[in-house]
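Undergrad: Spelled out, the chains give:
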Amino acid sequence: MNDLSVFREEARAWVEGNAPEFLRGKAADPNAWAAGGRKAPFVYPESRDWLFAAADRGFSVPTWPEEYGGAGLSRDEAAVLHEEIGRLALPLPLTGFGYSMIGPTLLDHGTEGQKAEHLPKIARGEIRWCQGYSEPNAGSDLASLATSAVRDGDFYVINGQKIWTSGADQADWIFMLVRTNPDVKKQRGITFILVDMASPGVEVRPIRLISGASPFCETFFHDVRTPVHQVIGEVNGGWTVAKALLGHERTSIGGMGRGGARTSLPDLARDYVGVDELGRIDDPAIRERVTQCEMDAMSYGLTIRRHGDGLEAGHKPGPESSMFKYYGTELNMRREELMLSIRGPQALGWEGEGFEPAELTQTRNWLRSRANSIEGGTSEIQLNIIAKRVLGLPD
Amino acid sequence: MAPLVLTAPQNMLARTAGELVSKHGGVDRQRRLRDEGADLGYSPEVWAEMADLGWLGIPFAEEHGGLGMGMAETVLITEAMGRGLAPEPFVSAVVFGGGLLADAGNAEQQTAWLPPLIDGEKRLAPALLEAGSRYGLDRVETMARVNGKGWSLSGEKVQVVGGVGADGFLIAARTEGGDDGLTLFLVPATADGLEVVAQRRVDSRNSAIVKLNGVSVAAGAVLGDVGGGLEPLGRAVDRATVAVCGEMLGLMTEAFERTVEYLKSRSQFGVLIGTFQALKHRAAKMFIEIELSRSAVMAAARALDEDSDDAELQVSNAKARCSDALILVTNEALQMHGGIGMTDEHDIGLFMKRARALEFAFGDAAFHRQRFARLRGF
Chain B
873 MNDLSVFREE ARAWVEGNAP EFLRGKAADP NAWAAGGRKA PFVYPESRDW
923 LFAAADRGFS VPTWPEEYGG AGLSRDEAAV LHEEIGRLAL PLPLTGFGYS
973 MIGPTLLDHG TEGQKAEHLP KIARGEIRWC QGYSEPNAGS DLASLATSAV
1023 RDGDFYVING QKIWTSGADQ ADWIFMLVRT NPDVKKQRGI TFILVDMASP
1073 GVEVRPIRLI SGASPFCETF FHDVRTPVHQ VIGEVNGGWT VAKALLGHER
1123 TSIGGMGRGG ARTSLPDLAR DYVGVDELGR IDDPAIRERV TQCEMDAMSY
1173 GLTIRRHGDG LEAGHKPGPE SSMFKYYGTE LNMRREELML SIRGPQALGW
1223 EGEGFEPAEL TQTRNWLRSR ANSIEGGTSE IQLNIIAKRV LGLPD
Chain P
40 MAPLVLTAPQ NMLARTAGEL VSKHGGVDRQ RRLRDEGADL GYSPEVWAEM
90 ADLGWLGIPF AEEHGGLGMG MAETVLITEA MGRGLAPEPF VSAVVFGGGL
140 LADAGNAEQQ TAWLPPLIDG EKRLAPALLE AGSRYGLDRV ETMARVNGKG
190 WSLSGEKVQV VGGVGADGFL IAARTEGGDD GLTLFLVPAT ADGLEVVAQR
240 RVDSRNSAIV KLNGVSVAAG AVLGDVGGGL EPLGRAVDRA TVAVCGEMLG
290 LMTEAFERTV EYLKSRSQFG VLIGTFQALK HRAAKMFIEI ELSRSAVMAA
340 ARALDEDSDD AELQVSNAKA RCSDALILVT NEALQMHGGI GMTDEHDIGL
390 FMKRARALEF AFGDAAFHRQ RFARLRGF
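Just so you know, the protein sequences line up as chains B and P, in that order. Residue numbering for the first sequence follows the working numbering, starting at 873 and increasing by one per position. Residue numbering for the second sequence follows the working numbering, starting at 40 and increasing by one per position.
No wet-lab data here; the hints were simulated from the structure. A virtual CB, placed ideally from N, CA and C, is assigned to each residue, including glycine.
Derived list of chain B stretches under chain P, where covered just means 3 residues or more per stretch with a C-beta under 8 Å from a C-beta of chain P: (1) 1138-1145; (2) 1159-1167; (3) 1180-1190; (4) 1246-1256.
Derived DSS-like pairs (lysine-lysine); straight-line CA-CA distance at most 30 Å: (5) P:K303 / B:K1057; (6) P:K303 / B:K1188; (7) P:K303 / B:K1058; (8) P:K324 / B:K1260; (9) P:K324 / B:K1058; (10) P:K303 / B:K1260.
Restraint-style ranges between C-beta atoms, simulated for each label pair: (11) B:R1060 / P:Q307: 33 to 41 Å; (12) B:E881 / P:V185: 52 to 60 Å; (13) B:D1013 / P:E345: 41 to 49 Å; (14) P:D67 / B:D1139: 47 to 55 Å; (15) P:K62 / B:R1060: 44 to 52 Å.
If we strip away everything but chain B, and leave its shape as in the complex, we get (with noise of 0.2 Å):
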């Protein structure tokens, strides 16, 4: 505990000497936040000195080892670290599936080789990555994938269709589950492979989604070739990988349930339905939605941290992201739509006069999290995996 305070103290002084003063209090614009690569600009400069300033100190990525550019620290340090990243309301230092994903993928089942090759650009933010898993044909029902990697030689050569495929048009490198073998139970023939999206025969169209932004893409593989040393795991073992991935991603978009360093919906109530003479939000029914919120949003960080703990105390991780996936999406569903409840028609601008920035923005992010219980599995395959995994519930 006292270790924990002396890093305290040593976050706290690092975050106040380096966070730029102009991204203080932005943790809630989307432009703020950096994921890095070569071709993805950063829409404020401060944003980039930022990323550099925590990849030099390895806070980009802080719990992983130092070798691989991060600064080694525990899930506690690194919470301690991330809470006075959120005390001045700023963003992460680095965000993206590079981060999230892939870097936590490699630490598990790559090889050093891999590991070497990958995670310090992941760390300085130099190479974005995106996700190639579902396809057209294949959504909910993930492992009956068909884009296929065919040997040649040192190669695999991919033909097929990816589908959103999140910022693959500002991705340099997708990792992606392909079909290595169609002749056996679809789970047993697929295989986990890295490509660089430079590479001649990729080709990507942005969906333009009801938000209005084109977060997700179409990829399409004509030939597209890639080393046999980018495979992660072995050849027709990357179902196990993907489903660890999963797992990430699940952790990752359910995280997104959790208290933080965002608009509190208490203060926001009170500026938009107002406060009767006891200081209460003067709304019994808003008022109540936004305690519920707030209760459930508490037990919440609650279950996540206890599973963090378990797992320091050498619990096996199980079939647990499913619950956090599903949880922590449906409450930032919630959340959003009580967002817009609070603000009531203030909410509904799209562009131009008569909105507050932050108004337009709750109206994209409110569509934009719609996908929440989609993407990533969706709430009723989360539903399922409980079912059965946990719970053994008959097929």
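Starting from the known structure of chain B, fit chain P onto it as the hints suggest.
TA: Below, chain P without anything else, positioned relative to chain B:
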């Protein structure tokens, strides 16, 4: 906050508690006690064994013969009791009654009552509720009037848990002529004018009306300060609330596991009903609610033990969560059992009845959400 995992000694305690409850018959014992209809409602031999194991002294200092443990351990006992519907008045006598005495009582009162309480020889029953109290600790009409050097108590307490057979009562009363504060009194069951009448509740537990017809008590019967009873009462209620949450957690876990087993064994339309997605998804949601409840209870227990600034918030969070989850789980358990669940012969109804009593103990979910919002200042 201490890690939200059990230590090795805590695991051992939880296992021993579970074994004790099972050894004496588990849920069958509760059914038998109910059918016998005795007002005591629990088994003196089980209470004596709990005393032998030291559990009646878990929250008390070693100088009184206690084990000096905290809420983190206390909830392990109540969880095991919840699983097996064990009806011993552990929460009321030990956590609430004994806890209040240990907090607010003077040395003489503690010496007189704590060692025999810990040994299982004497039992305390806090008399909290009146017919019009609902959940307000200060909604008290029982009056204490100055009577010579002592006091005279008049009023009626209801649903006094463990009241039948109790040796002493902890009674909150308004004090005449003072400020509006509450005063706590420690009154022996043998006091003149004190009458105990057994009450029948849906959960078949030991419950009593305590009638105070001008009961004369000496000045030394006051627990803590005259007019200063509300604060220690609130602290004791918070601890008792978390102990109740432990029982709720045990009860919901057991009712849920029995239901999942039923889904795996009952066939209709030629298939196990556990294959139906409509039931699977509801079962998975219940699982999540129970997991969230467990985290909330563990955190609240540790927050009280560490005297954290957010302890009251954590207590209300845990009680609201457990109340909602428990009602969801027991109602769904009955529904998923179908017609057999409606029969008295089947045990699931016993879980549902106890669940309701636990929901309303020390405030339901709506009450604790209001308290949470008030504490957070919105």
